[in-house]
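J.: Here are the chains, one letter per residue:
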Amino acid sequence: MRDAEARRLWAANLLRAAAVPLTAVVPAFFMDGFTVLGTHLAWLCVCVLCVGTLNVGLCLVLKPSLPPKRSSVATKISRFLKCCIYFFMSCILFHAIIVLYGAPLIESVTETFLFAVLLSTFTTLQCLCMLGPNIQAWIRVFSKNGATSIWENSLQITTTCSILGAWFGAFPIPLDWDRPWQVWPISCSLGATFGYVAGLIIAPLWIHWNWKQLTYKSR
Amino acid sequence: MRLRSGVLAAGCLLLQAMGVAIFLRGFFPMAVRARPRGEPPGDGPAEPAPPGSGAVSNWSAMPPPLFRKVVLVLIDALREDFVFGPKGKQFMPYATQVIEKGTSYSFVAEAKPPTVTMPRIKALMTGSIPGFIDVVVNLNSPALLDDNLIWQAKTAGKRIIFYGDDTWVKLFPKHFVEYDGTTSFFVSDFTEVDDNVTRHLDRVLKREDWDLLILHYLGLDHIGHVTGPNSPQVGPKLREMDNILKKIHISLLSKEGEASLPSLLVVCGDHGMSETGSHGGSSEGEVHTPLLFISSAFEKRSGPLTQPELVQQTDLASTLAVGLGLPISRNSVGTLILPVVGGKTMREQLRFLHLNGFQLSRLLEENTPAYEKDPGYEQFKIAEKSHGNWIKLYLEGNNSEILMNLGKKVLKQYLEALKTLSASLSKQVAQYDMYSMMVGTVIVMENPVVSSSSWSEVDVLMLAGTIGHVLSLGASSFIEEEHQTWYFLINTLCLALCQELCRNHFLLKECDPQHGISLKQNFDGIGEASDCKNIDVPTSGNSKLDKVASSAEFIKGSDKWISLASPWIILICCRLLRSLNQTGVQWAHRPDFGHWLTSSEHKSELSFLAAVSLVMIFFLVQRRCSLVSKIAMALGLLGVYSYRAAIGNVVFPWQHDSKDISKGITEARFVYVFVLGIVFTGTKDLLKSQVISADSSVKSTGLWEVYSGLVLLAALLFRPHNLPVLVFCLLIQTMMTKYIWRPLKCDVAQITIMHYWFGQAFFYFQGNSNGIATVDVSAGFVGLESYVEIPAIFLTAFATYAGPLLWAIHLLCYLSSEVSRNAAAVGHGCFCYALMRSIPVAIYILLVTGLRYHLFIWSVFSPKLLYEGVHVFITAAICLFFTAMDQNHSQKVQD
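Protein sequence lines correspond, in order, to chains A and B. Numbered according to the numbering used here, the first sequence terminates at residue 221, and the numbering increases by one at each position without gaps. Numbered according to the numbering used here, the second sequence terminates at residue 947, and the numbering increases by one at each position without gaps.
It should be emphasised that the hints constitute simulated quantities derived from the structure, not laboratory data. One should not assume that every hint holds.
Said to hold, decoys possible - Label pairs and their computed distance ranges (CB to CB):
(1) B:E417 x A:E109: 56 to 62 Å
(2) B:Q359 x A:E109: 33 to 39 Å
(3) B:I717 x A:L43: 53 to 59 Å
(4) B:I845 x A:W179: 35 to 41 Å
(5) B:A527 x A:K214: 41 to 47 Å
Values in this document were obtained by computation on a predicted structure and should not be read as measured data. No residue lacks a Cβ here, since even glycine has one placed at the ideal position from N, Cα and C.
Chain B on its own, in the form it takes in the complex (with noise of 0.2 Å):
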């Protein structure tokens, strides 16, 4: 019946990841308005036409372009204060001038969450939203099929060149006329990606065949990244941009002599950067970004400084394609900047207003079905009329003071229109497929309702623990110090276990059998966070003989010492991981470690915790390899440290002066191959079992041998500070196997939950959170010389997942090592494995239904999703190994 139950367990588990991912389908809408860019573009709407029969506008061809040639300078992670605040003061001197005296209009951009490079610059040139769901396909960005402004550029004949981040090579093929593109795979390279961008500059600027030149600077990121956005740092590299901004500037003044029309310079940044130098997230420094447009065409700034004006990133889209004279996207939700074309005449400033409220009224209509009703429509439909009736007297000749007044009017109307229409757009960005995602959640929901017939076994304070995680998950906070959550469970879990071994070494032996019993029934009632102290001996009455007869039985004195302090052993481990990686949201920013020992000054403390760890890892994990396991571990573990001196990470102690820095391509495949040699060995063992009936031993050494093949890989993919939390997992491991389960026989069901939970708490011991910036995407990339997707997901997947692959991976060993006591043992931890997992899934799936307009639905609940989506998928692989190990056993049973 339990063998079944672990069948079971897998099949359902299977299906939920299919719900699982129905749900995320549904969920996470792919590209809610995008609409194929179909036809070229037409010529826009003719002005409105005026009332009454007779007049009629002559102006229905598309306006032409306001700026001759246009350079788009993006900045990577330029916050708002690198330019208007204190530093931009101090370390760009030329930007600051120009704001404050020249002819520049300056705004703060407002980037919509998720921050992230790729989606941000979706938003600039299409002036759409985009889903939450490209951050998730950011690494392999496909080709941009929307309509955007790249493509109405190259419609249009414009020549355009772009230097800088490959993401837009990959987004816009075949656009540009001219292109570099730098990977910004080595996050800790600060001057090259920017070189390799400005060397081109020179020349471009002399040459005059392009009209739109755009530049994306990395450098900034990447220090953010490294050091966060205080470091020393930041000010020569906001230096460097200045004197490039400068170097721009002053090249387009000097064409611009004889040519008809002005130049614009645009300077952006696509996100911010929080306080720790990362983004992906919500906070003020990630999403407001400056923008500044500067251009002889305008006005030369006059009177005190005021604050810059708060507009949306995706205005930039409409905007530049006003100024170039271009069709505004399809999609664009922006509206049009309007002192960017203050210079012009009445009549044109309303014309564009005209084309751009047109634009997003068409874009309403095709996705409301009540879009008569919207407000901003109905703003939109006055205004044109009101516009109508200008260009009436417009073009009657009226007297120019009434026609200004009246326009002024007009363009007032204009831009509450799009104002309005603007914000209705982007609130429906939150569009759900909510049939997917019933359909999802209906199979979702059948698994534990299948399941639910054999829940018995499963201890209270564990049932308890459970029940409050999964209610925690339907508050926001509780999401983001989820680790918290954990690490309280794992730490009361240790003071229960500590509370039972007590009771086992003491109580148990030297009671009378009656009183025994009676204590042991009771076990399960207060004492779940009771202490040490709470520990029950017998009455000073008992006598002296049943110590001395039962003592004998017993393990020897000092084991037992060993025993009573493994989970105090357990918790200090605990403690120290825990400020390994500081992690979760509210308290990320405390000193921490794992950046104590990142910081380039403590190189030789880490290479020597690095060492040490790696040693440590060989000297738990070979007890139980066979002898050429073990040569292929040490020369393994040999290897990673060789890979990461290679990558500049940590030294040999002979090598003083720092050599040049290569990707370590060779180390990294070494490892590989060692890697694939013990899994294959312990593979073959694992069939050799099943084919010819040996016994268990051999099983079980071909399952540790696995085992010790993913610990491998996990050390090479580990940053090195994080190399003692794989000793701290397998030192917690070998204990709890030793002192803790063994001597108190845990039922398989308390194992299993005591594998989970340690296996979550481990997951953020890694310095995961749930916040998506916290992937350490750079194991993707570990041994590949350049990006090959699959790779790259399973290895990433692997490094982010470690913690709980490496706990379920030991539970089906320690489960398999048991056979002999409990045959079913296999099975039924498959089945409480999978329980575990999917439980709070489907719960969280449902919590998330109802949550879905929340305000941090993007930025909290939905990266929080995509983990649990993912970590689905895996403990399906996971029960799907452990039911093939059961397959084993029970037709050896059969045999």
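One chain only, chain A, in its complex shape (with noise of 0.2 Å):
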């Protein structure tokens, strides 16, 4: 039972890890000159459009841990309406910290917001997807110890390896070498998408290693 989670894991990790090196190639045939690092804001639309599609298509497929219990359209349409508000509202939060840690308040605000849009897709919408609008959820996953299968414990790597990527992506920013990917936001996205494919690498892998010291607590 477990193995067949463990490769159902590894089947959607490889899938959207894979995914976003399409995203870089795929529309260079649709759109005349399409680079990830010339037209680095088409890169982050398509980018975010298809890692949060694949997201919400995954776990509408998988249905990895959400309640089995029937639901009316109306309580649905409500979670839908909350999720949304969720993402909107940790797109602002993320947003607000990038500009503290000292991006150009209004320069840029474009370039700002969708680098913020990318952070949450790739930690947000996953919690969403997985989780669902639930903030105590996602308080007890993000605690030590608090996951309870391993669809948590990916989740939670590949948040922290997103949001470390995007942190250790600033650093090349001063240094004088002028090459393109030096420029605002490009290193940090890239650093992000870095952290985030890493992470969905990392988690089943770490999964495997540490396979024996999992025991999940039964809600």
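The two chains are supplied separately, each in an independent frame; assemble them into the complex guided by the hints.
T.: This is the structure we're talking about:
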């Protein structure tokens, strides 16, 4: 049973990890002059849309942790609206934190906001898909020893890796190399993306190696 | 044991300060090749003897001067494009006309960094490249002892007149028959400094009793410092300079008719200015200055205008020496600018080049053991030999065309040899005293080795941040932009603190104890960079009983929310401060609040901000002072405002017309009285607590009073737009104390490191950077009539390091108020603080030693080394103060 679930996690994570490089390659066939560095904003949009749809799709297909109880259309709609509001709020929060870290307040607002949306996609959207708009559950998952399934462990790892990636991505900005990828927010968004992909790959490996220690408290 | 560790740390830091001093002594060689000028200049070498025994050259005396009079017009911060660029065409019509059609030669002279006035004057007059240390003694320029042009001219009986920057008068005391030094003290003075020079001009130009006239105009530099190179004030200033050039040139020409020799007018800049208007670094705008020779001896310029040739600034000394018929200064590394003597006969030209080459090769002989293998030396010897052959032909009275062609060949050989010699000599300037450097490094390194025994309590985050910062010092960009590192680290620290606060407020109280402990153990793990979203709150399953039971013993609801909000408020404060002063290199030109406030049309906003800041400083500081100190503080802050109003930075609301601007001596001294009074009261309390073993509250009041005295001093010295830095510093300290350190019960190491990090960040919030140009020298003159060395250095150092210093003293205040909880707090804090300072310095010294031939060693690494060195000295002083406080305490415990 757990083996099967682990295999499903592998498949889902590899699929999601493979989607990211594809977002850099595939649009070039449809759009003239599309490159990750040159038309960074377009790539950010494509990446957000692609990763977002994939996450939502996988969530609908696999239903990793949603409670199986039947719910009315009204509750479903309200859940959906709540998810949208949460997502939007997390974008704003990320934007605020990025500005506090020193991003320009007025210039390049679009860049900063898209970067915030990207971070939200890598972190909040995943949480929304897995856990729904249920703050209590989020808090439980993100406290130590709070994960109750390998899916939630994977969620922890990818989220942390994405944020750490964005954090490390800011390092090369002050260097005077004059490379195109040092322009705000390219290095940070690339860092976050690499962090996300790395997290997706690390998570199943980590679970594999710590298989014995993982004992999930039943709810 | 811990008390010991504090003393040990202070001792080690003192030792380290000594090590740094020795290292600096080795790293900045005071005068690499300064030879005393010794015996009066004899005759130079004779012309090279022609081969064979028979003929001997009949010309061994010094060649006669080429010009009767020389006028040197030095315009401070004259950038190359101010004369040759579009600005020059627009605002300097006369100079442009002379360059394009007149009898002139124009060059672009390249200045070597540091592009600061005094080293540049030295370079222009000695022809050598002064070491970096000259920047440091820039304020207090001692007399120039090296062989130089002015001294040579004076010895040769030339009469020299000087008007302008009084740095010259200090460098060359008793050298001028007539002089009038203007001080460049008031940077906001654009007109008077120059009028003081020009007012003598008419009279002097009429007279005949001088040979060399030097004019040094400062106005352009002042305009650059205050408003930048693109300000509308630059144009009129350039036009004024152009008129002066016109006046001098016409006057010189009118005198020339009867005289046998023509005159020479030289126009040059000592350094340029960067895009922000400052200088000191090595950007293209700062190092490229125009160099213009105008004389009727030159041929009229014909043909299309070409791009001015690039020469070295040091070349001027040799060229002027030749032009005045003087021996070339011994330490000069410059080469003769040939076109200037181009009108002379071939024999004379060759003679000049030979003199120059002989001087350079002698300099090389004295500085390089293996000089004979130097390519330049070999080239010179070959050229000298062919020169001899040429003279033989010449003396034999050979055909003039053969002579001419051969002469041209020799000329070319000489020029190449000179170029190679000059280049290899300039390279040698970066010569280090490796012995001192090694001794210094060994002493410095001893420190971490000795004290690494009790290193245990520091957090992973802080450890990682510290190590990351130290490693980043290896890259020049990270040094230039070091403020970004600190801002990034304190931001992350605030977010981590926010997470811990949330954990503390929601989790530890409400969870079951077992869960809580396990969580606490795990805290240091992953979530350093995670934000508030990752708060750990109990699972919904936990009963409400716990909540009810525990909430009683914790702080009230409103306090809880303030506490939770405090990291965010601190973050916002830091963001505001960050946009107050743009610093560093890459983004320094971005608009910031500081410039907006200091521009003259926003004077009322600045006044309002300064007034509000001063009031807030009062409210934040007074709460722990005694009544007398409170009153003194209030009066002192009023004094600060009236000082700023007196020197014209801010206005009083009732004062509409701009009154006359004074130096504000009275007001500043009024504030000094209160600073001394408050510090004295504090010290009295401290002494009382030591002698009479009173309770610790007397001591902490005393410490706080010393602290508030320093705050008042900082308020006086900071420029008015920087007063918010002081306010936010106090605000953050208050909030951290009340809502973060006390509730979280942080241990001493954590608190010390946080203080150190914030201190560093505030160093940059003040507008400092790792470049020399940002040191606010004006702080050293507050309340002083003229430059007095010791107080000026002390005040400048205090104003520059006010951020780290105030945080360190606050650390002492906080720790000694916590003594009741942890008796060893002060000693342990001192130890951690010393460690935090000594590790980066030790590693930085190693890095600099490794990178000593790096391209940016002068412009980036050396200034940083100086900053670090001074910081170590200040930290050593602070640690001694810590130890003294700690000693008091331990004595009391023993009693």
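J.: Each hint should be assessed against the structure and marked as holding or not.
T.: For each hint, the structure was consulted:
no.	hint	result
1	B:E417 x A:E109: 56 to 62 Å	holds (59 Å)
2	B:Q359 x A:E109: 33 to 39 Å	holds (37 Å)
3	B:I717 x A:L43: 53 to 59 Å	holds (58 Å)
4	B:I845 x A:W179: 35 to 41 Å	holds (38 Å)
5	B:A527 x A:K214: 41 to 47 Å	holds (43 Å)
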